[in-house]
Amino acid sequence: GPKVLQIPSHQIIDMGQMVTLNCDPVSNHLYFYWYKQILGQQMEFLVNFYNGKVMEKSKLFKDQFSVERPDGSYFTLKIQPTALEDSAVYFCASTPGLGGYEQYFGPGTRLTVL
Amino acid sequence: QQKVQQSPESLSVPEGGMASLNCTSSDRNFQYFWWYRQHSGEGPKALMSIFSDGDKKEGRFTAHLNKASLHVSLHIRDSQPSDSALYFCAASEPDNYAQGLTFGLGTRVSVFP
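Quick mapping for you: the protein sequence lines, in order, are chains A and B. In case it helps, my numbering puts the first sequence at residues 202 to 315. In case it helps, my numbering puts the second sequence at residues 136 to 248.
Okay, chain B solo, but in the shape it has when bound:
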């Protein structure tokens, strides 16, 4: 079983709309979460990290973490065509960053005009 699971697999959003992505970890050691975005032909690029319970907002992006349920979400407000990409949730253990990040399979977001 994958330790980081994402849903949905794909998502179509109208331009200007809201996209909501979900991620759940099955490993209680994972307490730190990242959202990465990957455009075609490029490597993943970090959007934001979230380490504490609650919301974290950066521009049009808001992440929410519930440590009790190990659930993290990403909401993209006012979606733009440039937001069309593959979005990864990644997790790590707070005291063992050297072990690298554990990634989910990703959610493919398509923003249509």
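Okay, chain A solo, but in the shape it has when bound:
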């Protein structure tokens, strides 16, 4: 079936540094999401991105976060600067439309901020 890829699978960085998480969504999908899962907690919605713009974001999507998908390449989540509380697994998802469409998830990127 359709697959969403995420690069890298693990990332370890020092607090205050910038990090970019990359997502290769399903090729004909139009809506892209990032979710955050802290160890032992539920997965939580961060942001929805469509047509080059953020459609919706949650309160977890801090000012230090940004998303983009330049020229149909990777859909990226950038955190600058990182904080200790950003340590989590970040999942990317894509879907062809809004409504009752299945969201296809990548395997996640585990981010550790030291």
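Keep in mind the hints are simulated off the structure, nothing from the lab. Just to be clear, a hint being listed does not mean it is correct.
[Unchecked claim] Listed next, the in silico DSS-like pairs over lysine-lysine satisfying Cα-Cα at most 25 Å (straight line):
1) B:K180 to B:K202
2) A:K263 to B:K138
3) A:K279 to A:K258
4) B:K191 to B:K180
5) A:K260 to B:K138
6) A:K279 to A:K260
7) B:K202 to B:K192
8) A:K254 to A:K279
9) B:K180 to A:K204
10) A:K254 to A:K204
11) B:K180 to A:K258
12) B:K180 to B:K192
13) A:K258 to B:K138
14) B:K138 to B:K180
15) B:K138 to B:K202
[Said to hold, decoys possible] What the simulated footprint calls covered on chain A by chain B, stretch by stretch (three residues with Cβ under 8 Å from a Cβ of chain B suffice, anywhere in the stretch; the number is not a length):
16) 234-246
17) 249-257
18) 292-300
19) 306-314
The model shown is predicted, which means the values in this text are computed figures rather than measured ones. Each residue gets a CB set at the ideal place from its N, CA and C atoms; glycine is no exception.
Fit chain B to the known structure of chain A by using the hints.
Relative to the frame of chain A, chain B by itself:
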């Protein structure tokens, strides 16, 4: 308080047996529900969605939704070792899919021979 609550936290089922998972929402805006399954090292994959009251069957999987109580269940018939995974219930508002899905903590299912 979590808006989507799942029970039990974990479940052991004999191969060939029936697994029953429960999910309840505390938010009346959540009317649409999904069941996702996640195997170790992979991302969650949708099993099925249910938007209307009653039962929905897909192969060995049957979901049941009661909108009045905001309770949804998933039953896995003839459980197989490959069904061993983490199962998530997720909910969304019918008119606001852009807000993404709200997930529960998950139920870990183990199928033993």
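If you draw a straight line from the CA of K279 of chain A to the CA of K258 of chain A, is it 25 Å or shorter?
-> 14 Å, holds
Within a Cα-Cα threshold of 25 Å, do K202 of chain B and K192 of chain B meet the stated pairing?
-> 17 Å, holds
Please count how many residues of the segment 249-257 of chain A have a CB within 8 Å of a CB from chain B and say whether that reaches 3.
-> holds (count 4)
Given hint K138 of chain B paired with K258 of chain A - CA-CA distance at most 25 Å | Satisfied, since the Cα-Cα distance of roughly 18 Å is no more than 25 Å.
Mind checking, does the segment 234-246 of chain A have 3 or more residues with a CB under 8 Å from chain B?
-> holds (count 7)
Take the C-alpha atoms of K191 of chain B and K180 of chain B, compute the straight-line distance between them, and say whether it is at most 25 Å.
-> 18 Å, holds
For the pair supplied as a hint, K180 of chain B and K258 of chain A, confirm whether the alpha-carbon distance does not exceed 25 Å.
-> 23 Å, holds
Coverage assertion for the segment 306-314 of chain A with respect to chain B, Cβ distance below 8 Å, three residues required = holds (count 4)
Is the Cα-Cα distance between K138 of chain B and K180 of chain B 25 Å or less?
-> Within the cut-off at roughly 21 Å; holds.
Quick one, are K263 of chain A and K138 of chain B close enough, alpha carbons at most 25 Å?
-> 22 Å, holds
Straight-line alpha-carbon gap K138 of chain B to K202 of chain B, limit 25 Å = 15 Å, holds
Compare the distance between the alpha carbons of K279 of chain A and K260 of chain A with 25 Å, and conclude whether the hinted pair is satisfied.
-> The hint holds at about 16 Å.
Checked against the numbered hints given earlier, the structure satisfies every one of them.
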